[in-house]
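Number of protein chains: 2
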Amino acid sequence: MELHAFFLMLAVILLSARFLAEFGSRFGVPAVIGELAAGLIFGPSLLGWLEPGETLKILAEIGIILLLFEVGMDTDIYRLAKAGSKPVVVAGVGFVLPFLAGYAVSAYVFDLPMLASLFVGGTLTATSIGITVRVLSDLGRRSSDEAQVVIGAAVLDDILGVIALAFLYQFAVLGQVTVASIGQVSLFILIFMLLAPVAAKAVAWVIDHFDRKSESPGLLVTMVVSLIMIFSYVAHAVGAPAIMGGFAAGVALGQGFKLRLGGGSSPLSALFNRVFSASPELTHRLEGQFRPLVHLFSPIFFVMVGVSLDLKVVDFSSPFVWWMAFAMTVVAILGKWLAGFFIRESRLRQSAIGLCMIPRGEVGLIFAQLGYQQGLLALETYAALLIVIALTTALPPFALKWYYGKWGDRPELAG
Amino acid sequence: MELHAFFLMLAVILLSARFLAEFGSRFGVPAVIGELAAGLIFGPSLLGWLEPGETLKILAEIGIILLLFEVGMDTDIYRLAKAGSKPVVVAGVGFVLPFLAGYAVSAYVFDLPMLASLFVGGTLTATSIGITVRVLSDLGRRSSDEAQVVIGAAVLDDILGVIALAFLYQFAVLGQVTVASIGQVSLFILIFMLLAPVAAKAVAWVIDHFDRKSESPGLLVTMVVSLIMIFSYVAHAVGAPAIMGGFAAGVALGQGFKLRLGGGSSPLSALFNRVFSASPELTHRLEGQFRPLVHLFSPIFFVMVGVSLDLKVVDFSSPFVWWMAFAMTVVAILGKWLAGFFIRESRLRQSAIGLCMIPRGEVGLIFAQLGYQQGLLALETYAALLIVIALTTALPPFALKWYYGKWGDRPELAG
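First to last, the sequence lines map onto chains P and A.
Heads up, the first sequence is in the numbering used here, so the first residue is 264 and it goes up one at a time.
Heads up, the second sequence is in the numbering used here, so the first residue is 264 and it goes up one at a time.
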């Protein structure tokens with residue numbers, strides 16, 4: 264791509280996303296929907312001005328990683344741990360239900376081959392944490408109790424989704440799966456998630472130490488972006504999605520991550536926190552310097568999601584497309600929504616959690632595109648899955664907006 | 264390039280640039296030299312870890328454009344105008360002297376063909392405003408009187424350099440030059456530079472108006488980056504270097520750009536400024552939100568300049584390379600340094616201005632690479648030019664550092 268053509272595309276992305284987000288917000292539509300619409304309008308679906316070139320893909324990925332970093336910084340890991348088994352239950356049920364139902368309906372109702380059915384099931388599993396978090400932010404609910412459960416569950420969901428993808432991909436390529444390789448990937452992810460916060464905390468100490476001494480400005484933002492990039496690289500290298508690196512770095516540099524041995528008052532905890540915790544002042548400055556970066560980059564991701572959905576690919580005359588899309592949309596919505604009811608919460612909060620888990624997006628798209636590329640999914644099945652992803656990505660913000668508008672003041676949903 | 268490989272490269276660029284800049288500053292070396300060294304060490308010259316891929320090139324270009332935007336914001340256009348003919352004289356002499364001397368020495372001393380000699384002369388013409396500005400910033404001299412002259416002259420220089428490039432490129436490709444096409448390009452640049460600030464000021468008014476009303480945050484940074492991208496696109500489209508767009512946008516959004524009819528007290532000026540000027544509060548917030556972006560992106564450019572200088576290309580055994588490099592380095596340094604003495608200033612300031620004009624960098628590299636690609640420059644000539652560019656890029660920061668250290672306190676050089 265020519266340099267100046269890229270400049271123009273970037274301007275079109277930023278301006279159209281902002282304009283449609285502002286326009287939509289006048290009618291109560293969450294900003295993320297405006298950004299997706301910008302991608303659909305200016306992407307191949309309609310005008311064809313935007314093409315998903317290498318650089319835009321990288322910037323979009325950096326956008327979602329930076330957003331996850333901000334989410335990680337805001338995530339109180341002890342509150343997440345206090346939520347206990349709930350995210351695990353929501354993630355587990357929300358993974359198994361759509362996967363099995365998607366597989367069963369594809370294989371027995373629509374007579375798809377086994378491998379194709381497995382890919383359809385896989386496509387329906389992973390929650391798009393980015394879209395969910397953005398919608399919750401737009402509604403001012405990002406620090407609510409249900410958001411803690413949803414974010415935890417979506418993170419687990421992503422890991423489950425990627426493991427399933429690795430599993431199915433090997434199955435498709437090799438014709439067989441070795442338990443050892445899957446176990447190895449899972450083990451790596453586990454170790455990474457445990458060690459990453461400690462490593463990041465040590466780096467935070469270095470930043471904290473040198474930022475006070477450094478003569479040239481900008482050390483903070485440069486070091487943190489480098490840290491996020493390295494974490495994302497390591498996450499990818501051990502088989503986890505790159506966004507997990509941004510999330511882990513954010514958790515580690517946030518104020519929520521502190522050792523609280525003996526209720527936080529033991530001498531060991533005090534020593535550890537004095538040595539390893541980022542100072543509140545550092546965290547505060549970091550948030551101030553990062554907000555412009557996140558605001559600049561994260562819309563690129565959501566616009567590019569819209570760009571990657573080429574509605575022209577869909578053959579709208581085929582009844583199979585519509586029936587398949589209808590059935591899978593029902594499976595995708597029910598599978599996630601019902602998962603909310605497997606934990607002990609008020610009915611209203613169970614329902615809210617289930618709704619929050621519905622958006623699919625990136626991992627689902629990766630699943631569907633991989634299946635199509637590998638020749639496992641027919642064009643019509645692929646088209647139906649694109650519709651499902653579009654609907655499950657586009658509708659939940661409206662549903663959540665409506666839901667919180669109607670029930671948000673009730674004591675069961677209040678902070 | 265794989266996504267995760269890019270993450271690692273970006274981290275290597277940011278960390279090595281920062282580390283070498285910090286390390287160098289302990290020994291009084293300007294930060295920009297550390298960043299260039301990072302590019303030489305991790306680029307193809309030594310370790311070969313960094314490759315100039317499409318995305319890195321784009322990010323580097325965005326880095327230099329954002330830096331020029333910041334420079335533009337800090338540039339008081341009336342102070343520049345008050346400097347009057349000085350930047351024009353410095354730019355003109357600093358263009359003509361190295362060009363003619365470079366041509367003459369190449370053609371008559373080294374017996375190069377006419378076209379090759381013209382390309383050698385052209386390579387020596389354009390000052391690297393980015394490196395100069397960075398060094399002046401590092402020395403705390405960016406708002407000094409001589410910086411105003413140097414920035415103005417370097418901007419004019421870049422325009423002259425690009426026009427010369429267009430001229431020579433057409434000469435090389437077609438075997439002839441049409442005066443009409445060159446005139447057209449120059450006219451476009453002139454109109455662009457006159458109209459851009461007015462257009463940007465109108466956009467600033469829109470931003471100012473909507474940023475107060477907008478419900479979602481981040482409007483300011485998104486709109487301004489979009490504006491800079493569009494300006495850069497237009498600049499390129501009319502044949503000017505893209506960085507001119509960033510500079511023009513910065514001038515327009517800064518506080519230095521105000522109508523001052525009748526000494527600034529006429530009713531017409533007051534009305535114009537009330538309607539078109541960005542509020543001081545907007546300018547202030549803009550500077551605060553932009554600094555992290557500039558600090559993050561601008562080092563990428565300087566590292567990539569280092570990456571683009573592959574020292575392995577140089578055949579160090581050829582005496583021609585050394586004589587050519589020596590002669591051209593003398594021409595390049597004297598041609599710019601002497602230009603400072605053509606304006607009426609104190610001797611110390613004349614000399615400082617001349618020294619500031621010496622760094623070459625990007626446009627010189629474009630010249631040399633184009634001549635090499637077109638088969639006009641032999642490998643040995645190309646290698647010699649790379650040495651000249653490396654020396655004239657790397658030495659002036661030391662010279663300036665030394666110069667200001669020795670004479671900076673004298674009244675002729677003080678603010």
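Derived by calculation from the structure, the hints in this document are not laboratory data.
Accuracy of the hints is not assured; some may be wrong.
Since the list can't tell identical chains apart, any single copy or any two copies may satisfy a pair.
[Claimed, not checked] Derived SDA-like pairs (lysine to any residue); straight-line CA-CA distance at most 20 Å:
#, residue 1, residue 2
1, K320, A268
2, K664, R607
3, K664, I304
4, K575, F589
5, K664, A364
6, K664, L611
7, K320, E265
8, K320, L271
9, K320, M272
10, K664, L453
11, K320, F560
12, K320, A370
13, K320, L266
14, K664, V461
15, K320, A500
16, K575, F290
17, K320, F579
18, K320, H267
19, K320, L482
20, K320, I304
Verification of the hints:
1. K320 with A268: both (15 Å within a copy, 14 Å between copies)
2. K664 with R607: Neither. Shortest intra-copy (23 Å) and inter-copy (68 Å) distances fail the 20 Å Cα cut-off.
3. K664 with I304: neither (23 Å within a copy, 53 Å between copies)
4. K575 with F589: Cα proximity of K575 and F589: one copy only (19 Å, versus 61 Å across).
5. K664 with A364: For K664 and A364, the Cα distance exceeds 20 Å both inside one copy (28 Å) and across copies (71 Å).
6. K664 with L611: within (14 Å within a copy, 67 Å between copies)
7. K320 with E265: Close inside one copy (16 Å) and across copies (11 Å); limit 20 Å.
8. K320 with L271: Close inside one copy (16 Å) and across copies (16 Å); limit 20 Å.
9. K320 with M272: Both: 12 Å inside a chain and 16 Å across chains, each within 20 Å.
10. K664 with L453: Answer is neither: 35 Å inside a copy and 51 Å across each miss the 20 Å cutoff.
11. K320 with F560: Classified as both; 11 Å inside a copy, 18 Å across copies.
12. K320 with A370: neither (34 Å within a copy, 48 Å between copies)
13. K320 with L266: both (15 Å within a copy, 9 Å between copies)
14. K664 with V461: Neither, since 37 Å and 41 Å both go past 20 Å.
15. K320 with A500: within (19 Å within a copy, 25 Å between copies)
16. K575 with F290: Neither: 28 Å inside a chain and 61 Å across chains, both beyond 20 Å.
17. K320 with F579: Classified as neither; 28 Å inside a copy, 41 Å across copies.
18. K320 with H267: Both ways: K320 and H267 sit 17 Å apart in one copy and 12 Å across, limit 20 Å.
19. K320 with L482: neither (27 Å within a copy, 22 Å between copies)
20. K320 with I304: Within. Shortest intra-copy distance 18 Å satisfies the 20 Å Cα cut-off; inter-copy 28 Å does not.
In this structure, the earlier hints numbered 2, 3, 5, 10, 12, 14, 16, 17, 19 are contradicted, and the remaining ones agree with it.
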